[in-house]
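S.K.: Spelled out from the first residue to the last, the chains are:
There are 2 protein chains.
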Amino acid sequence: KGFTVYNKMYMPTYYKSFVDDYWSLVKDVTLWDVAGERQVEIKGNDAEKFVEYITPRDISECKIGQCMYVLLTEKDGGIVNDPVLLKLSQNHYWLSIADSDVLLWCKGIASSKHFEIKLNEPDVSPLSLQGPKAPDVMENIVGSWVRELKFFNFKEYKIQDIPVVIARSGWSGEKGYEIYLCDGKLGNELWEIIMKAGEEFNIAPAAPSQISRIECGMLSYGSDMSIKENPYDISLGRLVNLGKKADFLSRTALTEIKQQGNTRELVGVEILGEIFSDYVPDHLPVYIDEEIVGKTTSCVFSPQLNKTIGLALLNTKRNLKPKTIAVNINDKVAEAKICKLPFLRNK
Amino acid sequence: KGFTVYNKMYMPTYYKSFVDDYWSLVKDVTLWDVAGERQVEIKGNDAEKFVEYITPRDISECKIGQCMYVLLTEKDGGIVNDPVLLKLSQNHYWLSIADSDVLLWCKGIASSKHFEIKLNEPDVSPLSLQGPKAPDVMENIVGSWVRELKFFNFKEYKIQDIPVVIARSGWSGEKGYEIYLCDGKLGNELWEIIMKAGEEFNIAPAAPSQISRIECGMLSYGSDMSIKENPYDISLGRLVNLGKKADFLSRTALTEIKQQGNTRELVGVEILGEIFSDYVPDHLPVYIDEEIVGKTTSCVFSPQLNKTIGLALLNTKRNLKPKTIAVNINDKVAEAKICKLPFLRNK
Numbered sequence: 001k002g003f004t005v006y007n008k009m010y011m012p013t014y015y016k017s018f019v020d021d022y023w024s025l026v027k028d029v030t031l032w033d034v035a036g037e038r039q040v041e042i043k044g045n046d047a048e049k050f051v052e053y054i055t056p057r058d059i060s061e062c063k064i065g066q067c068m069y070v071l072l073t074e075k076d077g078g079i080v081n082d083p084v085l086l087k088l089s090q091n092h093y094w095l096s097i098a099d100s101d102v103l104l105w106c107k108g109i110a111s112s113k114h115f116e117i118k119l120n121e122p123d124v125s126p127l128s129l130q131g132p133k134a135p136d137v138m139e140n141i142v143g144s145w146v147r148e149l150k151f152f153n154f155k156e157y158k159i160q161d162i163p164v165v166i167a168r169s170g171w172s173g174e175k176g177y178e179i180y181l182c183d184g185k186l187g188n189e190l191w192e193i194i195m196k197a198g199e200e201f202n203i204a205p206a207a208p209s210q211i212s213r214i215e216c217g218m219l220s221y222g223s224d225m226s227i228k229e230n231p232y233d234i235s236l237g238r239l240v241n242l243g244k245k246a247d248f249l250s251r252t253a254l255t256e257i258k259q260q261g262n263t264r265e266l267v268g269v270e271i272l273g274e275i276f277s278d279y280v281p282d283h284l285p286v287y288i289d290e291e292i293v294g295k296t297t298s299c300v301f302s303p304q305l306n307k308t309i310g311l312a313l314l315n316t317k318r319n320l321k322p323k324t325i326a327v328n329i330n331d332k333v334a335e336a337k338i339c340k341l342p343f344l345r346n347k
Numbered sequence: 001k002g003f004t005v006y007n008k009m010y011m012p013t014y015y016k017s018f019v020d021d022y023w024s025l026v027k028d029v030t031l032w033d034v035a036g037e038r039q040v041e042i043k044g045n046d047a048e049k050f051v052e053y054i055t056p057r058d059i060s061e062c063k064i065g066q067c068m069y070v071l072l073t074e075k076d077g078g079i080v081n082d083p084v085l086l087k088l089s090q091n092h093y094w095l096s097i098a099d100s101d102v103l104l105w106c107k108g109i110a111s112s113k114h115f116e117i118k119l120n121e122p123d124v125s126p127l128s129l130q131g132p133k134a135p136d137v138m139e140n141i142v143g144s145w146v147r148e149l150k151f152f153n154f155k156e157y158k159i160q161d162i163p164v165v166i167a168r169s170g171w172s173g174e175k176g177y178e179i180y181l182c183d184g185k186l187g188n189e190l191w192e193i194i195m196k197a198g199e200e201f202n203i204a205p206a207a208p209s210q211i212s213r214i215e216c217g218m219l220s221y222g223s224d225m226s227i228k229e230n231p232y233d234i235s236l237g238r239l240v241n242l243g244k245k246a247d248f249l250s251r252t253a254l255t256e257i258k259q260q261g262n263t264r265e266l267v268g269v270e271i272l273g274e275i276f277s278d279y280v281p282d283h284l285p286v287y288i289d290e291e292i293v294g295k296t297t298s299c300v301f302s303p304q305l306n307k308t309i310g311l312a313l314l315n316t317k318r319n320l321k322p323k324t325i326a327v328n329i330n331d332k333v334a335e336a337k338i339c340k341l342p343f344l345r346n347k
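Just so you know, the sequences run in chain order A and B.
The first sequence begins at 1 in UniProt numbering and counts up one residue at a time.
The second sequence begins at 1 in UniProt numbering and counts up one residue at a time.
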């Protein structure tokens, strides 16, 4: 019933309501059409070298059939995107991207520096099946092996002659799978097969749940990070390996930033007092006394916690010891406190 | 009343109706909020060298205060965007872009090859004032000098303390100006000033008119061209200067393509028979006998010509002498003929 635009495609934002969809996700199982998460395909003799070049994470240990969450970073350390990397075979990768034009950026880099690769957006559209009963639904469709698939591993497969890649992954706190459809013409068919297999488990169509992903401290490109933030700013320094063997674009910048110490920090926040079960806009200023010390990046009402929770990007240079901050929502000041992430553990 | 998404911003598509807006444009004057046309700013010692590198057009003769229509091309000749280039001062340019993420592409190139430049999206949002009475409205606001401003020239100016750049340009067949607002906070104020100055000339808010731009053979990135087409494919070989002095990314590819001869051609088409005054989807296959020989890229009903006209990308390798072709609209076959562009002369 709601739509947004993601990588130039329409993408649903909710079906029944944000909260109804959330309960379907948390109690049963939901199917999301996330075709807007496009794939950037990198193939050719220098494919590994190229992927190493665009991310500060060491991907040399990534095995065929494995996914890795990576940050793509510009020369100055700014984050271009936070895709999931899939290694399909030697020197053949997909970047399953968030909302920004990674293909053009990659083309720019590959065109100026010599890399023997082909860059391409293949006809691959992901569906996401998320919820505690996702393994039951998948077993119905492809058999019991799918229960053994480890987190962030994937397998190429055919579902009734429909070519897919099945990954144990997903942008929610629940168990789940991402099913990458490799033939766009068969999308409706695949959707029907999964919905039918899920009937007995109360499957519901839904969209990526902001509630669940914030509860579990998962980030969203465009809200919680942008090209203006580097990995340390958003507390994802663990995805940077400054000493990795391969050459990468952001090494000099990120090494300097690391030496000088963090200037920002991404934290959890809980808004106290009156409950804001309504929509809370992103990017509200965060105050200590009258001074702005950062901004929220995304907030949401969590029905499980019965609290309004969110993420905030704080300026830590000032040594933010006080745990009580203030947020200005629709011209009303609300008290808030800084919390450890995640609010809820991933299942 | 209609919206689309352009460079990740909402952009209006029409106010009263496509046809009403068109008549306001052709008879009087219209004001368009085209803030979605973002600027990519290139500044620094190598700014000219960088702009030369990303376009096959020779920009060495571009003077300060001058606009140039350029195609940005990838290594293989594919078109990344078709912006208007503005030279603000020595080694300081804006690319006023169509819908694709040029900033990331430029960053990719600049990061890998050494260019001493800063790339940036400044807080600049264009308004477009188009129609035969546009000069009257502008004279009301800034004085008579604006009538003397030559086509594709611009001037930095202040309208009641609002910093703007005023260019004699626009994406319509009528006279017009583009007013680049250089302080986003003052947008409503600027809008009101112009609407007020236009009252006596029947000014109407509108959006870029597909009717007018197709009548005048102006192209739209995403419809009539994409990264899959090179400049010769879309009959814009005149924007390529293979012999230009400066180095550019697509030289080898475009030189080869030129030598081998065009494989495609962009032409005007007129759909015959029954009049399709409804919306005609883009990218309909074009047939000769039963064979597909290309596709339409955009079609529209022209109230002035009382015809459905459009643009089509044809495969010319087969030597397309017959001037009668067929187009399949909503499963009905319509006869069409190939026409010279433009349908109407620019004023």
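If you are wondering where the hints come from, they were derived from the structure by calculation, not from laboratory data.
Each hint should be verified, as a subset may be incorrect.
Each pair may be met inside one copy or between any two copies, as identical chains are not told apart.
Claimed, not checked - Computed cross-link-like contacts, PhoX-like style, restricted to lysine-lysine with a CA-CA straight-line distance of at most 20 Å:
(1) K113 <-> K155
(2) K113 <-> K49
(3) K75 <-> K113
(4) K245 <-> K75
(5) K118 <-> K228
(6) K158 <-> K337
(7) K347 <-> K150
(8) K228 <-> K43
S.K.: Now tell me, hint by hint, if it's right for this structure.
M.R.: Structure-based check of all given hints:
1. Taking the shortest Cα distances, K113 and K155 never come within 20 Å of each other, neither inside one copy (33 Å) nor across copies (38 Å).
2. Taking the shortest alpha-carbon separations for K113 and K49, both the intra-copy value of 12 Å and the inter-copy value of 17 Å come in at or below 20 Å.
3. Taking CA atoms no more than 20 Å apart as the test, K75 paired with K113 passes in both settings, with 14 Å inside one copy and 11 Å between copies.
4. Taking CA atoms no more than 20 Å apart as the test, K245 paired with K75 passes inside one copy only; the shortest distance there is 17 Å, against 29 Å between copies.
5. Only between protomers do K118 and K228 lie at most 20 Å apart by alpha-carbon distance; the minimum there is 14 Å, versus 28 Å within a single protomer.
6. Taking CA atoms no more than 20 Å apart as the test, K158 paired with K337 passes in neither setting, with 49 Å inside one copy and 45 Å between copies.
7. In this assembly of identical chains, K347 and K150 lie within 20 Å of each other by CA distance solely inside one copy; the values are 13 Å within and 65 Å between copies.
8. Proximity of K228 and K43 under a CA criterion of 20 Å is satisfied inter-copy only: 19 Å between copies versus 29 Å inside one chain copy.
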